[in-house]
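Enquirer: Heads up: the sequence lines are chains A, B, C and D, in that order. Heads up: the first sequence begins at 1 in the working numbering, then just goes up one per residue. Heads up: the second sequence begins at 1001 in the working numbering, then just goes up one per residue. Heads up: the third sequence begins at 2001 in the working numbering, then just goes up one per residue. Heads up: the fourth sequence begins at 3001 in the working numbering, then just goes up one per residue.
Hint data in this document are derived by calculation from the structure and do not stem from the laboratory.
Calculated lysine-lysine pairs in the DSS-like style (CA-CA distance at most 30 Å, straight line):
#1 B:K1311 / A:K319
#2 A:K240 / C:K2319
#3 A:K240 / C:K2311
#4 D:K3387 / D:K3352
#5 C:K2319 / D:K3311
#6 B:K1240 / A:K311
#7 C:K2056 / C:K2387
#8 D:K3319 / C:K2319
#9 D:K3240 / B:K1127
#10 D:K3015 / D:K3004
#11 C:K2311 / D:K3240
#12 A:K3 / A:K15
#13 B:K1311 / D:K3240
#14 B:K1319 / A:K319
#15 A:K319 / A:K387
#16 C:K2311 / D:K3319
#17 B:K1240 / A:K319
#18 C:K2127 / A:K240
#19 C:K2387 / C:K2059
#20 A:K311 / C:K2240
#21 D:K3351 / D:K3166
#22 D:K3311 / B:K1240
#23 D:K3319 / B:K1240
#24 A:K240 / B:K1311
#25 A:K3 / A:K166
#26 D:K3240 / C:K2319
#27 D:K3355 / D:K3166
#28 B:K1355 / B:K1004
#29 A:K4 / A:K352
Chain A is nowhere near these chain D residues, computed Cβ spacing over 10 Å in every case:
#30 A3018
#31 E3045
#32 D3070
#33 E3071
#34 V3080
#35 Q3297
#36 I3318
To spell it out: a stretch of chain A is covered by chain D in this simulated footprint if at least three of its residues, at any positions, have a beta carbon under 8 Å from a beta carbon of chain D; those stretches are:
#37 257-271
#38 275-287
On a predicted model such as this, the values are computed, not experimentally measured, just so you know. From the three backbone atoms N, C-alpha and C, an ideal C-beta is built for every residue, glycine too.
Listed below are the residues making up each chain.
Number of protein chains: 4
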Amino acid sequence: MNKKIESLVDELREKLIAMRRDFHRYPEPAWTEFRTAAQVVRRLEELGYDVSYGEKVIKEEEMMGVPAADELARRQRRAVEQGADAEIVELMTGGKTGVVAVLDTGRPGPTIGLRFDMDANDLEEAKEARHRPFTEGFASLNEGAMHACGHDAHAAIGLGLAEMLKAVQDELHGRIKLVFQPAEEGVRGARAMVTAGVVDDVDYMLGIHVGMGHSPVGRVVCGGEGFLATSKLDVTFNGKPAHAGGEPEAGNNALLAAATAVLNLHAISRHSGGATRINVGTLVAGSGRNVIPARAQMEIETRGATTELNKFVKERAIKIVRSAAAMHDVGTDITAAGAALGGTVSEPLVKKIAKIARSVPGCTTILERGPVSGSEDYTFFMDRVQKQGGQATYLLLGTDLAAGHHNAFFDIDEEVLPLGVKLLGEVVLQLSTAAL
Amino acid sequence: MNKKIESLVDELREKLIAMRRDFHRYPEPAWTEFRTAAQVVRRLEELGYDVSYGEKVIKEEEMMGVPAADELARRQRRAVEQGADAEIVELMTGGKTGVVAVLDTGRPGPTIGLRFDMDANDLEEAKEARHRPFTEGFASLNEGAMHACGHDAHAAIGLGLAEMLKAVQDELHGRIKLVFQPAEEGVRGARAMVTAGVVDDVDYMLGIHVGMGHSPVGRVVCGGEGFLATSKLDVTFNGKPAHAGGEPEAGNNALLAAATAVLNLHAISRHSGGATRINVGTLVAGSGRNVIPARAQMEIETRGATTELNKFVKERAIKIVRSAAAMHDVGTDITAAGAALGGTVSEPLVKKIAKIARSVPGCTTILERGPVSGSEDYTFFMDRVQKQGGQATYLLLGTDLAAGHHNAFFDIDEEVLPLGVKLLGEVVLQLSTAAL
Amino acid sequence: MNKKIESLVDELREKLIAMRRDFHRYPEPAWTEFRTAAQVVRRLEELGYDVSYGEKVIKEEEMMGVPAADELARRQRRAVEQGADAEIVELMTGGKTGVVAVLDTGRPGPTIGLRFDMDANDLEEAKEARHRPFTEGFASLNEGAMHACGHDAHAAIGLGLAEMLKAVQDELHGRIKLVFQPAEEGVRGARAMVTAGVVDDVDYMLGIHVGMGHSPVGRVVCGGEGFLATSKLDVTFNGKPAHAGGEPEAGNNALLAAATAVLNLHAISRHSGGATRINVGTLVAGSGRNVIPARAQMEIETRGATTELNKFVKERAIKIVRSAAAMHDVGTDITAAGAALGGTVSEPLVKKIAKIARSVPGCTTILERGPVSGSEDYTFFMDRVQKQGGQATYLLLGTDLAAGHHNAFFDIDEEVLPLGVKLLGEVVLQLSTAAL
Amino acid sequence: MNKKIESLVDELREKLIAMRRDFHRYPEPAWTEFRTAAQVVRRLEELGYDVSYGEKVIKEEEMMGVPAADELARRQRRAVEQGADAEIVELMTGGKTGVVAVLDTGRPGPTIGLRFDMDANDLEEAKEARHRPFTEGFASLNEGAMHACGHDAHAAIGLGLAEMLKAVQDELHGRIKLVFQPAEEGVRGARAMVTAGVVDDVDYMLGIHVGMGHSPVGRVVCGGEGFLATSKLDVTFNGKPAHAGGEPEAGNNALLAAATAVLNLHAISRHSGGATRINVGTLVAGSGRNVIPARAQMEIETRGATTELNKFVKERAIKIVRSAAAMHDVGTDITAAGAALGGTVSEPLVKKIAKIARSVPGCTTILERGPVSGSEDYTFFMDRVQKQGGQATYLLLGTDLAAGHHNAFFDIDEEVLPLGVKLLGEVVLQLSTAAL
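Whenever a hint applies, use it, and build me the whole structure from the sequences.
Expert: Here it is as structure tokens:
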């Protein structure tokens, strides 16, 4: 592999860890990554990238599952209090916390895209002696939020890679696009960036995730597989209250509509084409024991082994919800609260990367394929790039975990940071100079 | 009371019994009363009435629960074989077996309508020694049909009354309208006669029923009360079959639609305005264990203590059925198979009749009010006459019963026949000459 | 009427108003009437009554819908801060806020019971110029609580009556029992007092309510009718969570059980014996969109025109809930959260009281019967006394209302206070001296 | 391959076709294969086999989906009329139409079992010019029955093989067991033979099916895969009727139980372990529009990619049915109407057979694996033999089809008959002489 990359990474090591811990200390859940994104912007601008963010890279009407305006405002203020550049944050108002940085070499060559997600989980971080972030003083300072899925590491790797690529800029061809995405949790953010067109010119698209499954640093899966397509729907039934004893017939019972929907949703036909899922995860209905329930709210999700299978379930689900509402003369709102596609990584790209990885010291186990767990909205990037003729894949980087994802004791082996930068640096370098 | 009526009735007695037994021997269920109606027509024409029947008195599109064409044709042929006038029967093709006879006195006076129903039940008559119609040789000759609700007596009383009124014609004023209605069972026939306009000119409307409750001949209720409005609906869901193992998603499951409808129909809100009922009496769905059911058929009925209450239930029921069909992408047909209104008899008319009845020898117990059991489509006649400013009531004539209505051993005390003619004759006479 | 009573009432007028306003200022919802009850105890003891309260008059295991222990404790502390006697309040720990006071004349005669309820509603009182309690400075000082059903007036009348009866003690016979009941709202409290035996020795039982319907002071209904029996049930389904995408089969879905129960509860058969009601007023289920719901909670109520009709619905409801739980292998808890019986007032007592009322100046309109609205757990007292051979009734005392019951602008015409005391004083006097 | 077998098959060719056509002409659906089985018995006895049938090879309590006694009796009489030996048929009374024939060589060696099914479909055969069985005069003479799944060919191959094996008896070792099974359609018959112990001593077990998929004679799949485990359940709910208008509360509504079951059955959780299916294929409920339905009957089937997956669905289904019944206080009967297991063929045996098949002239395409479509109760034989340490497989023999299975125009290329006998003959010969 490239010797410069190899030596630069050693210098970057401490910086990478510091960045990851900084992000870890200030975790920001979906669409509120104001401080994180502002730090990313500042650093990328310092490095000399051409940086876009806010409404230029986020299509507002495609944002899903956005918090209420007052919460967004509160988080925006907090970000500034916690050191974010107020001017940058201002341009991210409304949760438009995506960032895209371009390095144009000016030389002919492919456009290579890399996506890094930045958001934290809605989870209170453990404050116990056995939890290293706590004992070493970089545990979450934000109540109810924690980086328990490694996106702090992803963002740090992204910034480290940005620095690395600048350092080897003269050896690169084509263009490099670094995409920092908000709101991957709940699969809410990718669609708004993809429909804003940020990867429309990309030839090779890469996504990464650290620590999927319990595997040590050095284990690399070059092509994740088994992405479940999914749709998250928020449903509200709006009926009419009435006194349940005095005049029950005057009500339009939102709970009867919801209960009918629940049963029929679960009764959606299995599909001979492959695995599907449906869940009504929550239902909250009614205002009092003696009142015909006028309102019912449900959080639903559908899944499918492919985009088409998920579409089958989703379309039936929507029809069931609307018909259940009509049955009881209640209104209904159905809002998309999240979505991810199915998809398959590009075989030739996987093989290329596997070959490159074998040349990278520290990459001790190279697998072409390995399972992702569940749904990832990176699939929107993958789908867009593949549909326009490009290639895409998703890499899994092993790292020992202190506890599973989304657990209050989650922690990673930070050696994955320099190894990730080294591997991605070499991959970008090789792809940029290979014939398309 | 009128002496002529009193003496004539004694002469009529044997004839009344003979007519009732003739009808009893040839029972014809709803819309197939070809022989019965043809006998009625012939007799009324012999008596000199102005007789209308067939499409003149039955509005085809308002006929409910009509048998299939081939069954109608079979019953029509049988009627001729059993002595009906072929030409008359021909004009009743399609089940238009209603008859209306008018006696116009030429003198000023009110128009008095009387309704008699003629149809039999779908029931095999008992063939046992303890059943008098069997031992005396006038049990049903028509398989699967029996006069088990006394409509044979009603028709006989109607014809006896026709003869009686002719005999006292010179003492009458105004016009008398005798309405012989098919298909009272299942409340299917009245609407088609009423919407044909047959009582649009009636000032006083009378209906009768023999033997409601177990009470002896001589007991007379002048105003029935407690009519339940009802709607009978036939529902079909038409989906799409598919192999349940191989490709279940290709089906549109009519049974899931039906099951959803069943639960939600029964869950229709109770009403603070009074009693309501809903029943899904039958459901037949599917063609085989391993096929997604493509078809489901239900027989439903709704009821209400008033027309409005029934309408409330019926309208919700229809919405539920249609929405359940939409939910599962199946088609649906909803056909009215029967209907009766609620209603209240006219107080002044009840009082008048009670007073007249007290003058009739043999009427030993006179009650102004008494309960009818369930639904009666006579209510369509009552409603129409009352809405145009006339008065209407419904009389219950006591008669000892061998067994309850709709029972294979049902039989009446035939003394109710002459008493009925005597009472109705006197009522008509008095009403026709009283100031409106 | 008794002259002494008449003149004493005029003296009591201001005191009655002051007491009512004091109670109004410190409203305490069900089972937290610590201050109210302590004031009642102190006053009754001052008057020389034999007073019992706490566990002597409340059977703990029959208390329904009791708030959580910490809330009870908070309210108990607040009562003391707001002037209640700490020692008295201590004996009411756990919400045992019922009080019974006995005046034993020593002379032979009947035992006469009177029930007054004391609890407030969970409602924020209006703070607007058009609301007299606000402008005159006696609006609620307790956040989220308000006397919006007149129980402040009931308690004041009870205390005023206590004083009055003491003043005419020498003219009375038998024993007088004044019962101050907590938790009438939600029909939660009566059962615990009745089963504690507090009216087991009562011959004549009286209950009152002010301002039912909009009628002026002076209108008196001597026998309320139309009590709906009711059962309030809290239902919890306890299942097992599982990841809805990864391993849905491992879950036991509490929401499916609840939805099945909801539909089938509403589908409980109508009853030919009279009006019934069922409502699932609230349903809260699940913890997250992608988790099989492990828990679902419902607040249900059943009603019936009679105790038997309510029992029919309640028993079917319990069977449905248990079977729905079994169907989905989830546990279930069903807790009684409230109950009232149906019932009919005692005809002879009603007539007696009507006669007495006619002699009371100010009682301008005396009706023997009038409708109560909905359910009242006073029916437990009525039922117990009638079952042991006594007589019972329920009086409605007219008073102009500023707004309907349970409305934030509810207010009464306080002239009902002296009139109520006068009427009840005279009734007790007459009943105590009449032959049993 | 063995030369004797090769030459003998040519002699057998006409006989095989005649036997298949004879069976085709007299098709007998499940448990009524009296004539077919009697012919099989007679022929096997003629050949000198040790033949068992009736209760010796069919365990009565494990028979599923047996027709009513009167239908069995009618079919039994017809079989005799159509030429069956009355004495043999007598021993098959009750539908015990299984036959087992043993050829014991007396020489050490394995026991080889082969299973042939014999039953026809409930289907009216096409009577049109383009249907060869019709034009060549061997179409079904039994109304409503047709060999539309090739079991006529299976039985003929079994008898042909029996003759062939006798001819090469001296070259064989061990024991050969020919099992002729009734009632494969609806997967009703295998369990009763397996539990009777007929393959408890078998080392190698073979099953065959002709014409799965559209492939020509000569194509052979040596190991079928994809067996779906399945359970067929007949469910009856027994409630109590009541007049829906007059006294609805007196009923126990079997249709409400059934509708609740239908929805919840379809809502059984998907399983992460693989494909499952549930279907309520038919539902028939109720006796009349105005009667609370007292009876409801459902035909259900569950499926799973493995025996365990099917068990998961079946057990949930049974719990749902029982709970739905309990919910509405109705009784329930659940009867097993059919069952098949999942399963996997034995890899070493498949390889052995594939090798043998490659030596057989006419076997032009040899595949080790190929998909079976749906469920086969042969899996009971396979499972039993494998569980006791033996090996089992299932062969698919290509043959051009005139129309798909279970189609009124189904017909085969009869050249599969001699090829089948040749292949099975050689396989048995080789297996019998190979070291176990």
